[in-house]
Amino acid sequence: MVRFEDVWLKYRRAGEASLVRLTGAGSANAAPPDVVSGVSFEIPDGGFRWLIGASGAGKTSVLKLIYLAERPIRGDIDILGTRVGKLDRRELALLRRRIGVVYQDFRLLPHLSAYDNVALPMRLARRPEAQIKADVTELLRWVGLSEKHQSRPYELSGGEQQRIAIARAVIGRPKLLVADEPTGNLDDEQAERLMLLITALNRLGTTVVVATHNLGLVARYPAPHLEIAGGRLVADG
Amino acid sequence: MARRADQLGLHSAMADRLIPMLVGAMSFLAVLAIAGVIAAAALAAQWQGDTGAALTVQVPDANAPAASGAGDRKGAVLGVLAATPGVTGPKALSDAELDRLLKPWLGEDAQNLALPVPAVITASWSGAGSIASLRAALDEAAPGTLAETGARWAARVAALTASLKTSAAAILVIVALVASAVIAIATHAGLAQRRETIAIIHGLGALDSDIAGRFALRATLLAGFGAIIGAGLAVPVLLWLARLAAPFAGVLPQTGAPSLPPLLWAVLPAIPIAAALIGWVTTQFTVRGWLRGLA
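Protein chains in written order, with this note's numbering: chain A, 1 to 237; chain B, 1 to 295.
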């Protein structure tokens, strides 16, 4: 389950604040604006939600709160039954291991092979190498990239990199899968294939949140959606 | 395991020359400082032992009758010294020994110059009693007798040694701080270079201790390696200095092989260990502080 109760977020770090200023959202002397304002919603276990809204609406900020890359300045967040605000750094890290994340820009480690990129979460969790080998091999077969397990990310196409990213996101059998514009850098065929993988995971019981501004994709895979505009939740259902 | 060890690509992120070179230089200085303290302490102990325990008594008109009328003045003084607690081994220098002492100043025929040369008695002084009461007793037995101990010089040597130890401790602290600063700068550079990688691994659930541990392991190895080289290079320099200092310290005959105090050999392995520890602690603090910038 994912539950937000009156959640607010403001970026405090200089780089992100200046980014907000460049977009015209605030003046140089003003405090950084709220990028998420009073958002409340609930996604049940095994649920699927589209997170939609125009570019800059705050979708990525909401996703960052869900996958614990940011902490709210106000409000309560429950992720997989855990109240996030009460967790220390170690507990947050352990909770992150139960969340799979797929980024628009893949975020693979360029100096590691496809195999090692997929294996990374299991190695961080100190799983035995024999188990890692079995699971990674199976997942690479599932995403259709068994033959390219030794390839570096720069040797793969965008679609192949995204499938590696998916494999990395789900290798730890996450209870929650979060995807940020996962089809943004893919052609239609690759996007369809990716969505089939994601919906298959959802059918297996994984809670899924997918952020996109591609309404055509939303129409092809109908599901409840959360709509964000100006950092506020304007539609839920 | 090799794959696990380099998930952050640290072999290229952490400067593999800067840390060993600078930590090596710091270790070289640290060894010299420690050697200086050990040598100063050894010399001071030797000087304090020799000088502080020496009692020298001069008896003018040594062959004149003693104040008591029994025997000569030199005999009376020897008698007082023998009876005084804390004074051991009183011995009157022979004429030949006196000649040898005076020869640098008075030439070969000191005894023939008709100078009133006093008798000189040497003894060991444990400092158990009061030198003032000893002087009074000697003056009573043979008026005009002078007694001197090396206590004042021993105190000066002790003060000098303490100053050297304090200076060396300050040098060691500065060396440790510089080494720590170098490692912190190199770690920050490595973090900046691998910022994206660390953010990804952090997002995948890596613990702060995992990330800090990987950097710390690398920094520990580099600092320890640099310190081994630096301390190793200091050894021949110290042997050369020991050879130069040998005639003053009595460490070795001038024709013998140079050697270092056993305490210094025992301390040498501690330098790389200390450097490695500084590397580990500095990197842990640096990385964990940096990671607090992430959620």
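Heads up, some of the hints might be wrong.
Stated by the list, open to error - Under 7 Å between C-beta atoms, here's a sample of chain A residues computed to sit facing chain B:
1) 71
2) 90
3) 91
4) 120
Said to hold, decoys possible - Per label pair, the in silico range of CB-to-CB distance:
5) A:204 with B:199: 24 to 32 Å
6) A:203 with B:181: 41 to 49 Å
7) B:199 with A:223: 24 to 32 Å
Rather than coming from a laboratory, the hints here were simulated on the basis of the structure. Every residue, glycine too, gets a C-beta built ideally from N, C-alpha and C.
To see whether the hints hold, each was checked on the structure:
Among the interface hints, the one on residue 71 of chain A holds; its C-beta lies about 5 Å from the nearest C-beta in chain B, closer than the 7 Å criterion. For residue 90 of chain A, the interface hint holds, since its Cβ comes within 7 Å of a Cβ in chain B; the closest pair sits about 6 Å apart. Checking residue 91 of chain A against chain B: minimum C-beta separation of about 10 Å lies over 7 Å; hint violated. Interface restraint check: residue 120 of chain A against chain B, minimum CB-CB distance 6 Å, threshold 7 Å, status holds.
For the hinted restraint 24 to 32 Å between residue 204 of chain A and residue 199 of chain B, the CB-CB distance of approximately 29 Å keeps it satisfied. For the pair residue 203 of chain A and residue 181 of chain B, the supplied restraint of 41 to 49 Å is violated, since their beta-carbon distance comes to about 56 Å. Evaluation of the 24 to 32 Å hint for residue 199 of chain B and residue 223 of chain A yields a pass: the beta carbon distance comes to about 30 Å.
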